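Novice: Chains as they are written, first to last, in our numbering: chain A, 379 to 1078; chain B, 379 to 1078.
Hints were generated in silico from the structure; no laboratory data involved.
It should be emphasised that the depicted structure is a prediction, and the values quoted were computed from it without experimental measurement.
Glycine included, every Cβ here is placed at the ideal spot set by N, Cα and C.
Just so you know, not all the hints are guaranteed correct.
[Said to hold, decoys possible] Estimated spans, in silico, between C-beta atoms of each pair:
hint	chain 1	residue 1	chain 2	residue 2	range
1	A	812	B	954	55 to 61 Å
2	B	949	A	868	53 to 59 Å
3	B	416	A	523	55 to 61 Å
[Stated by the list, open to error] Reference excerpt, derived from the structure (chain B facing chain A, CB under 10 Å, subset only):
hint	residue
4	607
5	610
6	611
7	663
8	671
9	847
[Claimed, not checked] Which chain B residues stay away from chain A? Per the calculated CB distances, all over 12 Å, these:
hint	residue
10	589
11	756
12	806
13	840
14	949
15	967
16	990
Here is what each chain is made of, one letter per residue.
2 protein chains.
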Amino acid sequence: MRTLPLTHRVYAWLSLLGVWGLFVTSAHADEGMWTMNNLPVDRIAQKYGFKPDQAWIDKVQLGSARLAQGCSASFVSPNGLVMTNHHCAHACIEQLSQKGQDLVANGFYAPSATAEKKCPALEVNQLVTITDVTETMRKALTGKTGAAFSDAKKAEQAKLTKACATSDDLRCEVVELYHGGRYNLYQYKRYQDVRLVFAPELAIAFFGGDPDNFNFPRYDLDVAFVRIYANDKPASTPNYFPFSAAGAQENELTFVSGNPGHTSREYSVAELLFERRVRLPRRLFGLSEMRGQLTEFARRGAEQKRVSKTHLFYVENSFKGLKGREMALLSPKLIPEKRAAEKVLRQKLASDKRPGFSKAYESIDKALEVYSNIYDSYELFEKGRAFEGDLFGIARTLLRAAEELPKPNETRLKEYTDAALPQLRQTVLSPAPIYDDLAILELTFGLTKLREHLGFDDPRVRAILGKKAPATLAAELVRGTKLKNLAVRKQLLEGGKAAVDAFKDPLLELARTIDSDARAVRKRYEEEVDGPLTQAHEAIATVRFETHGTSLYPDATFTLRLSYGAVRGWTENGKPVAPFTTMGGAFDRHTGEDPFALPQRWLTAKPRLALDTRMNFATTNDIIGGNSGSPVINKHAQIVGLVFDGNIHSLGGDYFFDEKVNRTVAVHSSAIVEALQKIYAAERIAQELRGGSAVGAAAP
Amino acid sequence: MRTLPLTHRVYAWLSLLGVWGLFVTSAHADEGMWTMNNLPVDRIAQKYGFKPDQAWIDKVQLGSARLAQGCSASFVSPNGLVMTNHHCAHACIEQLSQKGQDLVANGFYAPSATAEKKCPALEVNQLVTITDVTETMRKALTGKTGAAFSDAKKAEQAKLTKACATSDDLRCEVVELYHGGRYNLYQYKRYQDVRLVFAPELAIAFFGGDPDNFNFPRYDLDVAFVRIYANDKPASTPNYFPFSAAGAQENELTFVSGNPGHTSREYSVAELLFERRVRLPRRLFGLSEMRGQLTEFARRGAEQKRVSKTHLFYVENSFKGLKGREMALLSPKLIPEKRAAEKVLRQKLASDKRPGFSKAYESIDKALEVYSNIYDSYELFEKGRAFEGDLFGIARTLLRAAEELPKPNETRLKEYTDAALPQLRQTVLSPAPIYDDLAILELTFGLTKLREHLGFDDPRVRAILGKKAPATLAAELVRGTKLKNLAVRKQLLEGGKAAVDAFKDPLLELARTIDSDARAVRKRYEEEVDGPLTQAHEAIATVRFETHGTSLYPDATFTLRLSYGAVRGWTENGKPVAPFTTMGGAFDRHTGEDPFALPQRWLTAKPRLALDTRMNFATTNDIIGGNSGSPVINKHAQIVGLVFDGNIHSLGGDYFFDEKVNRTVAVHSSAIVEALQKIYAAERIAQELRGGSAVGAAAP
């Protein structure tokens, strides 16, 4: 995973298992993705001579942001200016493009506040409060198993989030930390009016493309600025990170404050083997085949290239990241080491008399056996892999919204509970364009996989395909559906069940055809896989907790975490890798051919640039996919960089952290300022970053 | 792998490791791919009441054939008529097609001998004699290691094969059986004048396409007939298999006589883990990506579909087959069981005083460590994966032929020794068409992988790509090379070093640029990987041999083997799978959409057909990739079927044989005759199969 280009879809996948763990850190490693209410301040002080106090911690929490679609970000001015990666804002940039006006290729800059353009489907969240609701959840769950456990959990979460999200401007989530070791209620301020302010050309944002992805040295200006608005005015954000004058220095203490999506550092060995044998291969083969299709699709012409670029990026990035995970799981040492570590825990649990404790590992095995049996059906029908592309998701959401919304909040499917509705509306009503050719390609792919994995003779496959080939059916559905029309979607969402039932549409019909199968397999998954896994891990976590107390951090959950580290290179094959690159290096690497072709604006500006300006750098911070767009700050809580990637050794980070070689890769703050000023003439923004007033923006 | 659509390229890959093993069979399983000079006749007699005698064995050996490009076949008339699979003759059928005359789609039938069309690059081999040369090889190798071992092996093999192949009509190979347990010299009659006689439409040859591939029940007429010619006349083949009148019956004893390509049943655990971790994933990701590219390429238009069909078939087939292997290696039980079995051998070897014996396993570990380090370079440069497509292979062969042929036979690279020259000539001078678009796609793919795996900064990558993107360079090379011209190739092959040195060609130049790197890594592979593995396995084999004598069969080596079994279904999820399908079943499965669309000729002929004619069937014979096209014969050495696939459970067959579920899948002989007569009006051939004189063919 590039450091977090988690689309909603990818994130949904990553978080699917819903299990997590704890990890005992060694005294000296810069390891850990720490929650804001349990920072290892003494450990940091001991190693780096700086001890964060509560004021510092609060400031950092409120200066940090999350993109709901799967990235991190930060506030960088008091006037709602948000910094993230270009690849995190990529979908917005693409959606604002059109034939003949390709903002992805050409970049975008709003010279005045009025020129800032609304992103069709971007949501920014700011974590406001964390409340411990462990006792409440425990009370609701104790003594329950199977369907009762799963229903009670859903109901209690729906109750808590509804009570918390008192308006659409608030977003609330019950976060399972330490997997039932702690349940915390996270309350966010939600911003759905997000406008694009600045994005460079993709050619420099992603200079080196897939070949350089997850590598270092790097030369990327992977930055984008958006601004959050409230009531049509730039929102006020008094808690923000000002830019440091000097930017990151070698060996300097750095913090990364962001939302790592998912780690599996304390998965049981059985779960790791399941990942290795079932989930990752299936996913990787799908991604690499889709990569091939999109690569060739893009060769048809400039327009095809334009409309498929983002998708290809996600596919290649996910492929490279997940491949790294599979390779880590296949490496000779990982599983034996995990097995040895697990042995100690197994012994403790085996003799524990509390209910469920002694059979925790056995129960994981059983859950995974069920999961193996239902895996294909669950992925294809409920996760929608048989119906790739955005259109089917829209159809299903409309269908299910009509069925779920009339139910009491506590019994609805999670994504239809009251607290989830603002995001649901944003997704269904996104004006992001849908391109028929690409949609047909994707849906054909999904339907082909449906037939491939279940076989031609499966009655569900026959019911869906009838006598049609996947490509034939996909073309009919995409061409025939009226759901590409935003007004129709709006009408169906607002019209409820009566409207949806009365509406004739082939895609809606497909969603209806498979919905009982999809719901049935989801129910089995929740009751026989997710529930038992949660309960087993709760037992394991409790024992671990009792042994190690709070000297532990939980596995990543796409919620705010702080990691600490230092600017530092590493040694590769006996040779030192320096921690910095310079802007001049980008010109040395320029070949003129994609993805090593600098934008014309860069070539023109070269004589004006300070070529020794630091461009990218590496740090020892412990991050993972979801951290993309995270600010790198110094102890004064000033921006010294912007996380956009990890090095190749970071790919095993899902399972372990190796401070010797695992590196965060970031854009240096100096390069951002230099480029804004000397290449893009974006003085309005440069000044806003320097702490001057936000020229133009404050006076819309 | 479908039961053996091994292209030369795929086969080269499969046989790359060059290690093998022995396998101790249980008394009752129909397991084993037995060499013709060590058949378990008593075991067969005991189980099936029929004991093959020497006359029977000789007849079967001489009635069997091999397609040098990677399949099996059989002689089915005294006049050189050869039966194999459509998918084995696919390349020929495609090469004989042209725009507007698509023999793959429409099928082909030569109504008279003069209408039989010469295949551009098909070679048929008939195994004539087997000579044990174990002592000779041992004498040459004893006491040698590293480069000395590798050189001596090459030299001795070149000497033996040269002495054996006294004319271009003979092909000789030293086969390492039981990996040094035995060296046998195989002498074949070689037929390079091979003409296409009959092929049905791809739609019925591969009915059900990729979704049904490796599945059963099946409804495929995967058959093609070719004829071998000598001196422009049908060759005389007095040893042939007549068609049985009834065809295969349930529970009937069946033999499969063919050339299984490769098994790894006695790989060491370390080698299996290397497969699982390095070779298979790398290959699978490449195949699935290429699958995506070709799928999308074919959507551009009918012509693109036509020219890429064969390639896509190979890719999908290899992908499915190799995926089955990877999944078997990832299954929870396989490695632990292999480890347990190996433990016994390890103990025996550890205390063995013969040189090298006690360190055999250690030496395997060391060899694999080297292999890991050179794997990318070896695959990309020497195996040519960085330069996918046929053109580079031609360029390199011309370059190396110019360098190798002047050397003494014994010191040449193996594929340039005298005995190998006829096939080399056939490959380089094949008139098979090359399509620029497809060649550019392939070469772009290879060059992209080169950069992906070695990185942009690797000096070799920089030397090859310079400032060009892979697609740019690929297009220049394909468009610019003169090697598409057969006359040029001929001139360079005949002109030798002077001609090649003087010739300016961009592809030849590329081959020259990388040749020293390629040769260097090959040398390391041979001396530090293949040699030590061979020697370690020789020690292991010796110990195993001493324990079990000749009650063992060697791992497959793409040489003639006999397997025995019976026509039999199996039980799938508690339900019986019947061993036969009928021609009527194909009509039930017909949807009208590819790959479930029957050809028009079938639809038209339906009223004339006996719909209860058996179409495909399953047997317990132990086969693997390379067996495609093998005859299924009864105890009277009559054709009762034609192997074309294995069921899904056969995919683990590389590592173990499970008689309960592993099944060979074959075309029933009755369906072949029924279709020839009633659908294709191919009475000339039907009569020849029935044992009538070969109408027309005998009188050219």
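Novice: Could you let me know if the closest chain A CB is still more than 12 Å away from the CB of residue 806 (chain B)?
Specialist: Answer for residue 806 (chain B): holds, closest chain A Cβ roughly 30 Å.
Novice: Please confirm whether residue 949 (chain B) is truly not at the interface, meaning its C-beta sits more than 12 Å away from all C-beta atoms of chain A.
Specialist: Correct as stated: the minimum Cβ-Cβ distance to chain A is 17 Å, above 12 Å.
Novice: So is residue 990 (chain B) really clear of chain A, every C-beta pair being over 12 Å apart?
Specialist: Per Cβ check, residue 990 (chain B) is outside 12 Å of chain A; nearest 21 Å; holds.
Novice: Would you settle whether the hint for residue 610 (chain B) is holds or violated, based on the nearest Cβ-Cβ distance to chain A being less than 10 Å?
Specialist: Violated, because the Cβ-Cβ distance from residue 610 (chain B) to chain A comes to roughly 44 Å (cut-off 10 Å).
Novice: Are all beta-carbon distances from residue 840 (chain B) to chain A longer than 12 Å?
Specialist: At roughly 10 Å from the nearest Cβ of chain A, residue 840 (chain B) sits no farther out than 12 Å, so the non-interface label is violated.
Novice: Is 55 to 61 Å right for how far apart the beta carbons of residue 812 (chain A) and residue 954 (chain B) are?
Specialist: violated, 47 Å
Novice: Hey, is residue 756 (chain B) genuinely clear of chain A, shortest beta carbon separation above 12 Å?
Specialist: At about 18 Å from chain A, residue 756 (chain B) clears the 12 Å cut-off, so the statement holds.
Novice: Identify whether the interface hint at residue 607 (chain B) stands, where standing means a beta carbon of chain A within less than 10 Å of its own.
Specialist: This hint is violated: residue 607 (chain B) lies away from chain A, its Cβ roughly 41 Å from the closest one there, beyond 10 Å.
Novice: Please check whether the beta-carbon of residue 589 (chain B) is more than 12 Å away from every beta-carbon in chain A.
Specialist: violated, 5 Å
Novice: Please test the hint of 53 to 59 Å on the beta carbon pair from residue 949 (chain B) and residue 868 (chain A).
Specialist: holds, 54 Å
Novice: Grab the minimum C-beta distance from residue 671 (chain B) to chain A and call the hint holds if it beats 10 Å, violated otherwise.
Specialist: Holds, about 4 Å.
Novice: Is the hint on residue 847 (chain B) kept, meaning its closest Cβ partner in chain A is under 10 Å away?
Specialist: holds, 4 Å
When held up to the earlier numbered hints, the structure conflicts with 1, 4, 5, 6, 10, 13 and 15 and fits the remainder.
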